[in-house]
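Read off the chains here:
Number of protein chains: 2
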Amino acid sequence: MQVQSEKICNFAIECFRKVGMSEEDAKLVTDTMLVADNRGIHSHGFLRLPIYVERIKKGFINIHPNIEKVNDNTSISLIDGDYGAGQVVGKNAMDNSIQKAKESGLGLTVVKNSNHFGIAAYYASLATQENMIGIVISNVEALMPAVGGAEKIIGNNPISIAAPTKKGENPIVLDMALSNVPLGKILMAQTKEESIPKDWGVDQNGEATDDPNEVVNGGILLPMGGPKGFGLALLTEILTGVISGGQYSKTVHSMYDMEEKQSISHFMLAIDVSFFGELDEYVSRIENLTSFVKDSKKAPGIEETFLPGEMEFSREEQSKKTGVPIEEKVLKELHVLADSLNIKADF
Amino acid sequence: MQVQSEKICNFAIECFRKVGMSEEDAKLVTDTMLVADNRGIHSHGFLRLPIYVERIKKGFINIHPNIEKVNDNTSISLIDGDYGAGQVVGKNAMDNSIQKAKESGLGLTVVKNSNHFGIAAYYASLATQENMIGIVISNVEALMPAVGGAEKIIGNNPISIAAPTKKGENPIVLDMALSNVPLGKILMAQTKEESIPKDWGVDQNGEATDDPNEVVNGGILLPMGGPKGFGLALLTEILTGVISGGQYSKTVHSMYDMEEKQSISHFMLAIDVSFFGELDEYVSRIENLTSFVKDSKKAPGIEETFLPGEMEFSREEQSKKTGVPIEEKVLKELHVLADSLNIKADF
Numbered sequence: 001m002q003v004q005s006e007k008i009c010n011f012a013i014e015c016f017r018k019v020g021m022s023e024e025d026a027k028l029v030t031d032t033m034l035v036a037d038n039r040g041i042h043s044h045g046f047l048r049l050p051i052y053v054e055r056i057k058k059g060f061i062n063i064h065p066n067i068e069k070v071n072d073n074t075s076i077s078l079i080d081g082d083y084g085a086g087q088v089v090g091k092n093a094m095d096n097s098i099q100k101a102k103e104s105g106l107g108l109t110v111v112k113n114s115n116h117f118g119i120a121a122y123y124a125s126l127a128t129q130e131n132m133i134g135i136v137i138s139n140v141e142a143l144m145p146a147v148g149g150a151e152k153i154i155g156n157n158p159i160s161i162a163a164p165t166k167k168g169e170n171p172i173v174l175d176m177a178l179s180n181v182p183l184g185k186i187l188m189a190q191t192k193e194e195s196i197p198k199d200w201g202v203d204q205n206g207e208a209t210d211d212p213n214e215v216v217n218g219g220i221l222l223p224m225g226g227p228k229g230f231g232l233a234l235l236t237e238i239l240t241g242v243i244s245g246g247q248y249s250k251t252v253h254s255m256y257d258m259e260e261k262q263s264i265s266h267f268m269l270a271i272d273v274s275f276f277g278e279l280d281e282y283v284s285r286i287e288n289l290t291s292f293v294k295d296s297k298k299a300p301g302i303e304e305t306f307l308p309g310e311m312e313f314s315r316e317e318q319s320k321k322t323g324v325p326i327e328e329k330v331l332k333e334l335h336v337l338a339d340s341l342n343i344k345a346d347f
Numbered sequence: 001m002q003v004q005s006e007k008i009c010n011f012a013i014e015c016f017r018k019v020g021m022s023e024e025d026a027k028l029v030t031d032t033m034l035v036a037d038n039r040g041i042h043s044h045g046f047l048r049l050p051i052y053v054e055r056i057k058k059g060f061i062n063i064h065p066n067i068e069k070v071n072d073n074t075s076i077s078l079i080d081g082d083y084g085a086g087q088v089v090g091k092n093a094m095d096n097s098i099q100k101a102k103e104s105g106l107g108l109t110v111v112k113n114s115n116h117f118g119i120a121a122y123y124a125s126l127a128t129q130e131n132m133i134g135i136v137i138s139n140v141e142a143l144m145p146a147v148g149g150a151e152k153i154i155g156n157n158p159i160s161i162a163a164p165t166k167k168g169e170n171p172i173v174l175d176m177a178l179s180n181v182p183l184g185k186i187l188m189a190q191t192k193e194e195s196i197p198k199d200w201g202v203d204q205n206g207e208a209t210d211d212p213n214e215v216v217n218g219g220i221l222l223p224m225g226g227p228k229g230f231g232l233a234l235l236t237e238i239l240t241g242v243i244s245g246g247q248y249s250k251t252v253h254s255m256y257d258m259e260e261k262q263s264i265s266h267f268m269l270a271i272d273v274s275f276f277g278e279l280d281e282y283v284s285r286i287e288n289l290t291s292f293v294k295d296s297k298k299a300p301g302i303e304e305t306f307l308p309g310e311m312e313f314s315r316e317e318q319s320k321k322t323g324v325p326i327e328e329k330v331l332k333e334l335h336v337l338a339d340s341l342n343i344k345a346d347f
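Chains as they are written, first to last, in the working numbering: chain A, 1 to 347; chain B, 1 to 347.
I should point out that these hints are in silico values taken from the structure, not numbers from a laboratory.
Mixed in with the good hints, there may be bad ones.
Copies of one chain are not kept apart here, so a pair can be met inside one copy or by any two copies together.
[Unchecked claim] Okay, derived cross-link-like pairs now, PhoX-like style, lysine-lysine, Cα gap no bigger than 25 Å in a straight line: (1) Lys250 / Lys298; (2) Lys329 / Lys7; (3) Lys7 / Lys320; (4) Lys250 / Lys294; (5) Lys344 / Lys7; (6) Lys298 / Lys198; (7) Lys57 / Lys332; (8) Lys250 / Lys166; (9) Lys250 / Lys297; (10) Lys102 / Lys69.
Quick caveat, the model's predicted, so the values are computed rather than measured.
Using the sequences and the accompanying hints, generate a full structural model.
Take a look at the structure:
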């Protein structure tokens, strides 16, 4: 289904306003969901609106957070997000990194006590608007085992790295989670009764399986690239939850756990490319690198080779013409939410 | 074969001295090879001594580099390595990052015009000795295709992230290249006449193959995790060769190309963990995270779950007792080198 962008956004903003969020914050959280759905990353789109609203109502997302610097220096800050919405805390943190990078070439902000912030690319891309490279890492609840383990001990922590290109053109944006695939892809195989590659997940005993049911029923997602992905997950956990002083690994809570605050940590780095030389020179090098990818010799049957983020931007362009693509099932849930908040949903 | 550490090191130092390198630099380059062989990372051990010597003789490695800061600020520097040995330039860069992090909590050094520097973990670990987290990235010559490509356009760039633990104990050290496996592993399958998983490499047309011969004869290594690994390779290329103003992607040269300088770029970040709070508190959190890994429930048949770097440190401890493990074939090559330099090799 395609929904008019203005209608769905106004609806989401009204939902957040109804549970007490400021208009500015409501617009920001809504924008991250819009961008996600428009780019085809539906797992982080309006699908999340009901759970965000629910967590605000429970007090697990603090709508009046006192976001404070715990420590601060020329190019580095530690921020306590006071359990604010991940989007609000996350943007605050990246804005801080960008400001520091404007003044000193480099800015790192580490944040504790935040929440789910949507797509990591949203924050990394803020840096590219200022001709900076953005690097964003977040921890999440434990979803993956150690190598050879049979227990969830580490998150499939998302990493986004975004680099600016020529003014007015899309940046190059990598945004990935550290599991081989998201759970959604295994659920889809289960629905279609298809087998899955043996490196997507293990059963509840930690044994390799090609049966999606075994993974879904008590099994565990596996890291991308085996020990490499596990290592990246562990070290990104240290760069977020461990150094921040927040929760980490098994003590981080899922947004679907309605008993506890999540306590997510983020790591947001901004590097000003003009520290290294003329911006024009950088842009011409990026264009050259881009041509290596786009003009590459192709394997048989392959028509195009893509830059990281390119397919997402192309979907976004399409969505801007045709409307926000949202699944019927999600729209139904949004109508249920509308009823519960006594808000009109005219989509 | 096991060789006495002192003998092989003195030999290597003498080789470097013979071709004009300072004693200090010769000791450093030798130490990186010793650490690599002792930890079982033989691809970066004394196997590389002959090619390093050869490249010094050709002038591709500058033994009297004028390592200079091109730009400098509180927490960030751009350094021109003047084609010095990668180890010399690399240590200089990480020392600079560490110094900045001591003063300001954070230090980033980006380096252009360097050479192959051995194992990335060597430099990331320098940071851990000062209770800092080290992040090291290097570019290398193009070895991998775009997704769906049939041409080498991007390096399997190494990434090392190292985190300090309790004083006197081994740090947690991830050190990985971005290809699924190194070429050596495919060569081994070729020797043993075994088939390989289809995600290790493609044939010369870019098509998936389980035949190691097809990869070795004009084929290409594949990135770990498919599009994710390709994306990481492209973005780490931007963080090194593109922003540094050095060579990048297809224009970086292999150390086995005897026509050109390599022109490698490095990215070296140091983050002082004490910026975020008491060191004791950090250490207790790291110990807790470590226990999550070590005490994890295991899959059937698995006796131990390991931290990143743990197996390498255990091999190193063993090697320190029994001698440096070096293959017979490599020892023969070192004897040939000894003859060519007119140096005695008593191992």
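Inset, instruction - Since the copies are identical, ignore which copy is meant and state whether lysine 298 and lysine 198 lie within 25 Å (CA to CA) inside a copy, between copies, both or neither. - result: Intra 28 Å, inter 18 Å, cutoff 25 Å: inter-copy only.
Inset, instruction - Measure nothing new, just compare the shortest in-copy and cross-copy C-alpha distances for lysine 344 and lysine 7 to 25 Å and report within, between, both or neither. - result: within (11 Å within a copy, 81 Å between copies)
Legend entry - Copy assignment of lysine 250 with lysine 166, given that the CA separation must stay at most 25 Å: between (42 Å within a copy, 21 Å between copies)
Legend entry - Intra/inter-copy verdict for lysine 250 and lysine 298 if alpha-carbon distance must be at most 25 Å: Answer is between: at 16 Å across copies they meet the 25 Å cutoff, but 43 Å inside does not.
Legend entry - Up to 25 Å CA-CA - lysine 320 versus lysine 7, copy category: within (13 Å within a copy, 68 Å between copies)
Legend entry - lysine 329 and lysine 7: within-copy, between-copy, both or neither at 25 Å Cα: Classified as within; 18 Å inside a copy, 71 Å across copies.
Inset, instruction - Indicate which option fits the pair lysine 102, lysine 69 if close means a Cα-Cα distance not exceeding 25 Å: within, between, both or neither. - result: both (19 Å within a copy, 20 Å between copies)
Inset, instruction - Tell me, please, which holds for lysine 57 and lysine 332 at an alpha-carbon limit of 25 Å: within, between, both or neither? - result: Classified as within: same-chain Cα gap 21 Å, cross-chain 72 Å, threshold 25 Å.
Legend entry - Alpha-carbon proximity context of lysine 250 and lysine 297, limit 25 Å: between (45 Å within a copy, 13 Å between copies)
Inset, instruction - First find the shortest C-alpha distance between lysine 250 and lysine 294 inside one copy, then the shortest across copies, and answer within, between, both or neither for a cut-off of 25 Å. - result: Answer is between; shortest inter-copy Cα gap is 14 Å, intra-copy 42 Å.
Every hint, counting from the list given before, is met by this structure.
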